[in-house]
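Asker: The chain contents come next:
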Amino acid sequence: MPTDSLQSPSRSSTSQNGAVNAPTLKGSEIFVRALEEEGVDRVFGHPGGAVIKIYDAMERIQPSYDHVLVRHEQGGTHAAEGYAKATGRVGTVLVTSGPGATNTVTGIADAYLDSVPIVVFTGQVPTHLIGNDSFQETDTTGVTRSITKHNFLVRDVNELASTVKQAYHIARTGRPGPVVVDLPKDVQMDEAPFVYPEEPGLDGYTVPGAAAPKQVDRAAKMIEDADKPLLYVGGGTINADAPEALTALARKANIPVTTTLHGLGAFPETDDLALGWLGMHGFYHTNMAVQNADLIMAVGARFDDRVTGDVDEWAPNAKILHVDIDPSCISKNVYADCALIGDAQDVLRQLLPKVEPKDTDDWLAQIDAWRADCPPYEYETPDDADQIAPESVVEALYDKTQGEAVMVSDVGQHQMWVCQYYKFGKTRSHVSSGGLGTMGFGLPAAMGAAFGMREGRDLDVVCVSGDGGFVMNAQELSVAAAHGLPLKIAVLNNNYLGMVRQWQSLFHEDRFSHTDLKPTNPDFVTLAEAHHCVGLRATSPDEVGDVIDQAWDVDDRPVVMEFQVPKEEMVFPMVPAGAASDDMLTEMFDKEAIAKEG
Amino acid sequence: MSEETLTRQQIRRKRKFGEPLLPEEEDGTEQEHRHIIAVTLENTIGALNRVTNLFSARGFNLESVAVGETDEPSVARLTLVTVGNDRIVAQITRQLDNLVNTYDVTDLTDAEHVERELCLLKVQYSSETRPEILDIKDIFRGRVVNVTPETMVLEVTGPNKKINAFIGMMEAHGIEEVARSGQVAMHRNLEYEPPNPLASTDAAPSANGAASDA
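Going down the list, the sequences are from chains X and C. Using the numbering used here, the first residue of the first sequence is number 29, and each one after it goes up by one. Using the numbering used here, the first residue of the second sequence is number 336, and each one after it goes up by one.
Bear in mind the hints are in silico, worked out from the structure with no lab data behind them. Keep in mind it's a predicted model, so treat the numbers as computed, not measured. Quick reminder that beta carbons are idealized off the backbone N, C-alpha and C, glycines included. Take these hints with a grain of salt, some might be off.
As the list claims (entries may be wrong) - Short derived list, chain C residues pointing at chain X, Cβ under 7 angstroms:
1. ASN388
2. PHE390
3. ASN433
4. VAL435
Stated by the list, open to error - So these bits of chain X aren't anywhere near chain C, every CB distance computed over 12 angstroms:
5. GLY77
6. GLY170
7. ARG183
8. LEU487
9. GLN578
Start from the sequences, fold in the hints, and give me the full structure.
Answerer: Structural data, given as structure tokens:
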């Protein structure tokens with residue numbers, strides 16, 4: 029709370045929205061207080077010249093929220109994303125102008141493509157210097173315009189509090205997304221009466237709630253008429269807190285459920301109706317179900333090209349029923365026969381009483397037959413005794429956690445293995461970079477998720493990363509260590525950029541152009557220790573369990589577990605980019621078949 | 336209009352379920368048309384920038400933009416002309432609607448509307464060509480707004496096609512300069528309920544349903 033000296037009663041005045049006796053504060057103080065009023069509990073930030081006033085105000089006010097000093101602004105934005113995805117709250121980032129702002133760009137773009145609610149506050153040069161190519165000046169709103177849901181440049185201190193309110197409102201509601209607020213230094217120093225508005229007051233911004241009743245009736249009829257229905261569930265379901273409604277609908281009408289990468293966790297994978305995930309590295313039976321279904325009900329999913337492959341060949345027999353909160357997603361990639369625009373939870377609850385129990389036994393038997401034809405890829409234990417099958421590490425992590433953990437993955441082969449071999453059963457238990465595919469996302473996002481666990485949920489946070497992506501933001505290890513976060517970090521080290529290597533092997537005749545990381549890889553155990561973490565290494569299959577047990581014995585700082593895995597291992601099944609979903613590579617030997625076909 | 340302009344997926348789907356390939360509402364869905372879209376938005380530079388940025392970021396065509404303040408100073412009205420098939424244009428209007436700064440997005444193309452563009456054209460003249468130029472100007476109901484010994488500046492307003500025709504007629508006389516304002520448009524009625532951009536998705540089957548009920 030501000031001390032008396034921060035308030036000048038003599039200068040109290042009528043504020044914009046009519047409240048009297050509002051304290052007159054400096055912009056920097058208004059900012060700090062506005063975040064308190066908004067209920068922010070954690071800010072990931074890095075100070076610099078253009079936000080020094082705000083950091084000074086934080087030091088004087090000692091606000092109710094905690095500040096985490098990250099070591100790179102990109103790490104800060106990913107941490108805010110991990111925090112937001114694991115808790116469902118809005119993540120907050122505070123950085124300086126110029127390089128501080130541009131360093132957040134990757135994280136903002138990542139949050140935009142994955143619909144993650146974060147608000148990024150960037151310092152800016154004083155308004156009279158904007159446009160002069162001043163020191164540490166970037167046109168932050170210009171740079172971030174096409175990768176934010178909305179952005180603001182605050183030109184007047186009187187608009188600061190309402191802008192903060194609007195930023196959080198926009199980030200949180202509708203289809204969530206990143207919002208950037210650019211704060212010039214003079215605005216931080218100017219004074220204004222502080223009143224935090226009750227309402228955001230955004231005339232042009234509407235949030236869909238329930239769907240049109242007529243459409244709901246049509247949708248119920250389509251479900252009733254379908255013989256081979258399939259639920260295709262994306263991250264929007266989790267954003268809308270709709271997993272319960274979804275599970276109720278699936279069970280009532282006996283509709284099998286397939287999830288996208290971000291939908292994992294929306295439906296318990298131990299359920300008989302769960303098919304696992306679909307798309308490029310989805311299971312054979314799931315993609316066959318898609319190709320043969322006569323009704324696909326998409327819930328909070330956007331028909332991404334990694335899901336559909338060749339759009340024209342995708343689900344050729346199916347009518348499409350699309351539930352989404354974003355009207356611009358309807359018929360964007362795949363024509364929707366019926367659209368239900370609204371909040372996924374509201375829409376599913378509208379639909380639930382109108383859907384009658386269905387008999388889909390024939391359809392489920394058919395899917396089981398496909399599963400029997402081509403079971404999920406069975407990996408082999410490597411011949412080399414000091415190598416470990418990467419899939420077995422993911423299975424061991426599942427055995428240890430039994431699904432009671434937040435699994436965070438980086439980007440690459442290991443990310444696919446996590447999705448294939450870990451059985452997600454809890455909502456908000458999977459955090460990954462899907463749309464943008466940002467290497468370096470995993471560790472900082474896991475750190476953010478672990479901070480989130482302090483404010484409500486109490487789950488272990490496990491990060492699975494590759495040797496390539498882990499190094500990209502490894503500096504955040506010391507931040508996690510300083511805060512005593514008991515992170516469990518598994519680095520599946522094949523000394524290669526594994527996914528690129530896989531593509532080079534399958535589609536570029538084994539020309540491994542610049543994907544060998546062995547010469548530049550650090551010693552991961554020493555790296556962990558240098559960052560005040562525990563470093564462990566497993567070099568043979570029988571050490572995996574021990575290493576994991578040891579890691580779970582540490583509860584006061586992060587543990588990095590390095591697993592030596594073979595570079596030749598590939599992710600199967602695989603639908604090559606742009607191919608039809610039933611045109612899959614399911615096993616290693618298919619590679620030679622392709623080579624023969626030329 | 337023809338089958339080839341639908342995607343293979345759409346054709347297959349429609350055949351499979353015995354839907355007409357061209358239901359009334361979807362007539363010409365895949366044909367490229369010129370569309371006039373009226374947008375009211377917050378009267379700030381950032382808002383305009385966001386609209387034009389959307390067109391480049393999403394790869395949409397943008398033929399002309401005209402913008403100005405309305406009777407309410409905090410609200411600007413933007414008239415966009417874009418070319419695309421109905422599906423693309425529906426996507427454009429939804430994306431525009433999604434912007435936080437926009438209040439209202441209306442595709443006026445199929446509505447009863449008036450559209451106008453203003454064109455200033457500087458043309459050379461001589462004593463021989465002068466009467467013909469002034470004749471053409473009169474036919475197009477234009478005005479002479481400036482004259483020098485060699486050139487005159489003509490002003491013509493009208494719909495896009497009229498302006499094109501006028502410029503075409505003047506080409507023979509040596510055009511020095513052309514400045515066009517871009518289209519502005521307005522529907523004729525007091526109230527206009529634009530068709531739901533999702534109508535092609537929604538209306539077709541419900542129309543079928545209505546028929547079977549009757």
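Asker: Work down the list of hints and note, for each, if the structure agrees.
Answerer: Hints versus structure:
{"no.": "1", "hint": "ASN388", "verdict": "holds, 5 angstroms"}
{"no.": "2", "hint": "PHE390", "verdict": "violated, 11 angstroms"}
{"no.": "3", "hint": "ASN433", "verdict": "holds, 5 angstroms"}
{"no.": "4", "hint": "VAL435", "verdict": "holds, 4 angstroms"}
{"no.": "5", "hint": "GLY77", "verdict": "holds, 25 angstroms"}
{"no.": "6", "hint": "GLY170", "verdict": "violated, 8 angstroms"}
{"no.": "7", "hint": "ARG183", "verdict": "violated, 10 angstroms"}
{"no.": "8", "hint": "LEU487", "verdict": "holds, 34 angstroms"}
{"no.": "9", "hint": "GLN578", "verdict": "holds, 49 angstroms"}
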